Structures are given as structure tokens and as C-alpha cells.
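Chemist: Kindly produce the complete structure, drawing on both the sequences and the hints.
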Amino acid sequence: MTDAPPPRLELRAIDKRYPGSHANKTVSLALGAGEIHALLGENGAGKSTLVKIIYGVATADSGEVLWHGQPVRVGSPAEARRLGIGMVFQHFSLFDSLTVAENVALGLNAKESLEVLSRRIVDLSTRYGLPLDPRRHVHDLSVGERQRVEIVRCLLQDPKLLIMDEPTSVLTPQEVDKLFDTLRRLRDEGRTILYISHKLEEIRALCDRATVLRAGAVVATCDPRQESARSLARMMIGSDLVAARRTAQEQRPGEPRLVVENLSLSASHPFGTDLENVSFAVRPGEIFGIAGVAGNGQGELMLALSGEHRTPVHDAIRIDGRPVGRLGPRDRRDLGLGLVPEERLGRGAVPDLSLAENALLSGYGRQSLVRRGMIRFSKVNDYADRIIGAFNVIAHGRRAEARSLSGGNLQKFIIGREILQNPRLLICSQPTWGVDAGSAAAIHQALLDLREQGAAVLVISQDLDELFTIADRIAVMSGGRLSSPRAAHDTSVEQVGLMMGGLFDLSDEAGVVHDPA
Amino acid sequence: MIPETDALAALLVAMMRAATPLAFAALGELITEKSGVLNLGVEGMMVMGAVSAFMVVVATGNPALAMLAAAVVGLLMAALFGALTLGLLTNQVATGLALTIFGIGLSAFIGQGYVGTPIEPLARLSIPGLSTLPLIGPVLFGHDAMVYLSLAAAFGLWWFLTRTRAGLVLRAVGENPAAAHSIGYPVRLIRFGAVLFGGAMCGLGGAYLSLAYTPMWVEEMTAGRGWIALALVVFATWKPGRVLLGAYLFGGVTIVQLHIQGAGVAVPSQVLSMLPYLATILVLVLISRDATRIRLNAPASIGKTFHPGG
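These protein sequences, in sequence, are chains G and P.
Using the numbering used here, read the first sequence as starting at 9 and increasing by one per residue.
Using the numbering used here, read the second sequence as starting at 117 and increasing by one per residue.
Because the hints were derived from the structure by calculation, they are not lab data.
None of the values given here were measured: they were computed from a predicted structure.
Backbone N, C-alpha and C define an ideal beta-carbon position, used for all residues, glycine too.
One or more of the hints may lead you astray.
[Unchecked claim] Pairwise CB distance ranges, derived in the manner of DEER restraints:
(1) G71/G - P424/P: 20 to 26 angstroms
(2) E236/P - D141/G: 57 to 63 angstroms
(3) E209/G - R279/P: 47 to 53 angstroms
(4) S389/P - R90/G: 45 to 51 angstroms
Modeler: In C-alpha cells form, the structure reads like this:
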């Protein structure tokens, strides 16, 4: 009788410290052939660090890595690839100005001509149902197509272990299904897939085993198909998650607070998306959600709504009936607009300034923090403390630099800063992107509370679960156009997913402002 | 022979000679910038190349050795820049400006004793039967070796950037150093190589000034050509062929405006002296207006310090 074959990859007591954090605490993990293994954990649980160590981007302080039972030292990504480890990154490591074939060539050690390589790309991509044109430039591709480039680049090296870092965060539900088909096929060929995610339903649908990380340590290993989303969440967070609750929709009569009518705008960025005849209205006491895969014009719409880009037609955007298309951000704020942009560091907050100073920057008018050109520091400090207290921002006080906060805490601070100014209209873009589940629930609750108080809230998000949790009506952005809105309880994730792929009836968005009543 | 053809030939030859130093420096800087590094020390590296080539040719009488010396000195200047910006992560703009000031000062200092020394200009090609042909003889077959070298360099770099794997890697490093690092390319090493090449080419550009264009040494004899070379790279949207076009345009207008000045036209000479700069920038801006094309060719990470984390 022979022993069972050793696992394909085994980690023994991996430990890694960074200044100020203990990223991995004696983590052990074994991956077998032909399995899809989930690595589950909140942001900051140590998933990324562990994967970097496997892929040779970072080195462990102590511990052992075994490949087919043999101890190995993976010093660089090139060495990892030689062993047969491939990785698809969360933030793609692609080169926008190069073609698909050139991008793939850069990731391969083999020196073959681009023509030969292009043929291999076409062969392999059709075999796995990942259609790609090797001659196209990457900047012309959709996010889903870019991910295909990454996957094809990995598969061309015939990897034994494929690491996928949050691969579905940028895909439509239909694209996710296709990706899962591909991954299952790869597993059936005997490959191992390490699947990193914090989306519980996906892990239950796809993975054979799951290792749960919390605060750098392994807290559980389980078969996710035997667990419920609730039990997985409890392992991941360490306590039960309190989800935001929305009260039943009330019909609130009243004039729309924000009206956008036939807004067309050419993008300022050469790779941007032009807006075409975008029309919608947001009423007091409702949350209006705009779904869509990133890069379909949401960024341009946000710039137009905030006033960073003026619109040529003055009354294409109206707040409380007043045309504001040619007003700047400050004038719009004076009309009661609050803004939470997508980039927290740089747009939402100045990274090097303290929280108090960041509070001053957007609140100086409505909170009367400035008198005769002089800053009233006592009021600024008081305002910052109120935000930190009311929104449970974890930071070293109001003097902490914005950049020192975690994504979730900074986002709570920014949203709190806007909400405490009692906006009549709040516009947020990707409010919980990259935010841990606990903070996300708090942010959702804050938005719902604001809605209860009668403010109009517009949320632009890629996260369909988020929109279905909080939004009253949902419209979809695709290719710079906006579909007509639908009541959230009247539509499904699948329907919205199809529209995200551009399949919405274009005849019903002919510039009419739809009335939900 | 027909005198008109002779005059035209002389004009064209003078244009090409005026363009050559710019072509060298701009092609070198193009490679540096394609790797994502902005080296504003072009002027300083050129002027150091000029003085070292001149000193070597006075000492040895060997122009090939002088060119080699200029390339090595340019390379050493660039190595200094690379060590500071890539090794010690200093700011590229400030370091480049310092390199220019350093080069101008140092060249003036070591070249003091050489001002006014006469030398033999670089020998020109002479092929019996070909070089004496009217018009095409002098324009095609009557130049010194460095003019041909600069043309070969433009073609060679175009081929390198668009047809070779090494060129692809260089472009990738300039486009997205973090991604290149994550795939496993030695970003800083590749950038250092590109910086060294740029320095050597700037040294050669300077050498052409003191060995051939005006065979003598005077302080600050580059007279701002390093800055024009920098501008050429940008306006040529990082394409070797357009860099060459821009350099020849600049050379052409330089020579034409000299002739106009010589003919005594009643336009202030300062205005005429501006023409080469204006005309070059205007034409290059007009041919590269397309923002997407610029974005496709511009190295996205230019001037940004890259520090591999992990």
C-alpha cells in the first residue's frame, strides 16, 4: 500500500509581519489536485499577503512552502510560473496602450513570434469559451474582456495552480456564470484553483473547500456547500452581520429634487465614454440606483453632476427646478448638494491633511466654519469630532491624516461629513467599494436614514447586491446611455445583469423623465 | 555644373548638419522616456559630450576616439542621474535640472584652455563618381559618418521599439511599471539601461557640435539644443521617425533663416532666430493632434518614481 500523494501546494506555518500589522499568523493550507479552494476573508484579513507569498511577490518571515511535497523557495513571480503557478490579479496587470497579443507575450517566458502567439491565443480562447481578438488594444476592451486576457495569459503557460484574486468584482452576473463554467472545466482537467473572495454566495456555488482567514489567522476550513451564507459570514466576521434594513416604500409626492434631462457630454479623457441623452429624476425620500459595469459613463456622469465638468446646456441638470448645468461644485453645494466621489483619496479627501482639515474643506460653508476669512478651529474640531462619533470612525482622533485610515473608515468619515451637512440631495459613487462588510452595512444604514429624513439620494454602484438592498428604483448605464428606471421590487438581478451587458430596449429611453407613480 | 543645383545642395547639406545633434539627443531621450524616466539633463549631457570630444580630438587627433569619449562621458553623466533617481528615488525633474546646470558648469571649467583651439573638422565621405554627382552626390553621399549614424539610429530604434521583444518590454515598463514588476521584469534595471543609452546618445549629439557642425569649443555651445531635443520628443509623440522629421525641420528653418538674415531682409534678426523653434513646434503639434494617438504612444508612467514594494 502506498501513501496518498502529497498535496499540490502546501503552506506550513507561514508568518509575515509588516510595520504596524501582523498580516499572516502561522497560516497553514493544503491544496489538492482538481479542486477549487476558496480563500475567504474580510479586507485586511491577510488574503492578499498570503497570495503574494505563494506567487513570489513577497517573502514570508518564517514558514515553509511545499510544491508536490518538495520544499521550495519562490523568490519571484517568474519562479512561481516556472513551477506552474499562474495568477489573475484583482487590479489587472495589463498595459493599456499595447495589444492583446503583446500583453500576453510579456507574461510568457517563451520567445515566439507574435504571429504564432496570436494563433495560440485564438485557439486557446475558443477552446475555453473566452473569445478574444489578439490584435485589439487593451484600452478598447471591456473589463470582462480584460480579465479574459489575464486568464488566457495564465492558461498559455499550462499552470497546475491558478490563483484568482476577487475575479468577479467587476463582472456582470452573466459574465460571472461564464467565468464559473470556465473555472469548472479547468478543475475537471485536474488543475487546482485558489479562489479569493468575500462573496459568500459565489463561494458556495463554485468552491469545493474553503479556508477562512480572520485578522491574519486561519479560523476555519470547511466545505462551503455544506454551510449557509450566514454561517460562512459568522466565520469570516466573527459575529453575526447586522444587515441594513429598508422600510417599506412610501409614496412621497413632491417635485423631483434632481432632474437630468437629455444630458449629452463628450468625455474629457481620450479613453472615456461619451454620455448620450441621459435622463432621470430623483425624488425626495427615495434612493435612486444607477447600476452598470465600470467605465460605461458613470465617471463622466459623476463629473457632470458634481459640477467638475460643466454641461453646455444649462438646464440639462436641475436641482429643485433650478438649472445648474453651468454652475461649479461650490454653487451646487450651496443649493443643498452633498457629494461622495468614487476615489476616496484624492477626490473625497486630501490624503495628507488631517480629518479635521478634510471636514473643513467641504463643510466650511454650511457649517459656518469660517468667519471673515479666518478659520474657526474650535468649530472645525467640534464638527470633525461629531462625524467621528456619529459614524463610528476608527482613527487616531481628528488629527489623523486621511491616508492613515482604512478604506472603510475613511468612507464612513466622508459620508458622515456630507450627511451631517443635512444635504437635500446626496450623490454617492461606489459607496462601499473595497469596504469591509461591517462598515458597508453601517454606510447603507446611514443612506437609508437620510432617505427617511426626506433627502433625495443617488447611488452609482457596480455592486448589484448593494443596489437591491437600498435602492427604490434602479436604472442601468451601458455605453454612455441610461435605461429607464425600474422599481427595485419589480426587477431581478438577472434582468439588470442583462441590461448591464447593453441589452436594454433603447426605444424606452427616448428622453422622457419617467414617473414612478 | 549648374550653380542653382549647387546652392540647393549646399542648403540641404547644411540643414542635415544642423539637424544631426538634435536627432542624436532626441532619439536618446526618446528611449529614456519610453522606459518611464524623464531626464531633463539633456543639455548638460550634450555640452559635456561636446567638450570631451573636443579635448580628445585635440590630444589624439583621432575623431573616432573622440566620439567614443563623448558617448562614455554622456553615459557617465546619465549613470549619475540614474543612480540618484532610480537608486535613491530622488525627484526626476529636480535631478535632471541639476544635471544640466552641473554639465554646463563643469564643461566650462575643464574646457577653459581649449577655447579658440583650431581642429580639423570631421572628414566627409567621398566616393569617386558618386559624391560628385550634382545635387544627390553631396546630399546622399557627401556627409561625415555621424550623419549616417544618426539616420541609422532612427531606423534602428524604430525597429527596436516596434519589432523586438526587448522593445516591447521597454514600452511595457514605461506604461505600467507596477504591472511589469508583478509579471517579473526588473523595472529599475531596465530603466537604468534606458537612461544610460539616452546619456550616450546625448554625448554623441554634443560631439557632433564640437567636431563637425562648428569645429571648435566655446562655453555653452549647445545653446539650448538640449531643451529643443526634449520638446521634440514630446511633440513627435515618442516616435523615432517623427523625431527625425522634427529635427530636420528645425535644422531646415535654422539654415533658411540664416540665409534670410544674410540677404539683409528688414525683419529683426531676433524674430528670425525664433522661427526654427516656432515652426518645429507648430508643425509637430499639428501632425499629432489626435489625443488617442498621443495616449497610445506616451509612456504613461513618465516622471513618476517607481518603488517595487513587497
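Chemist: Quick check: which numbered hints come out false for this structure?
Modeler: 4
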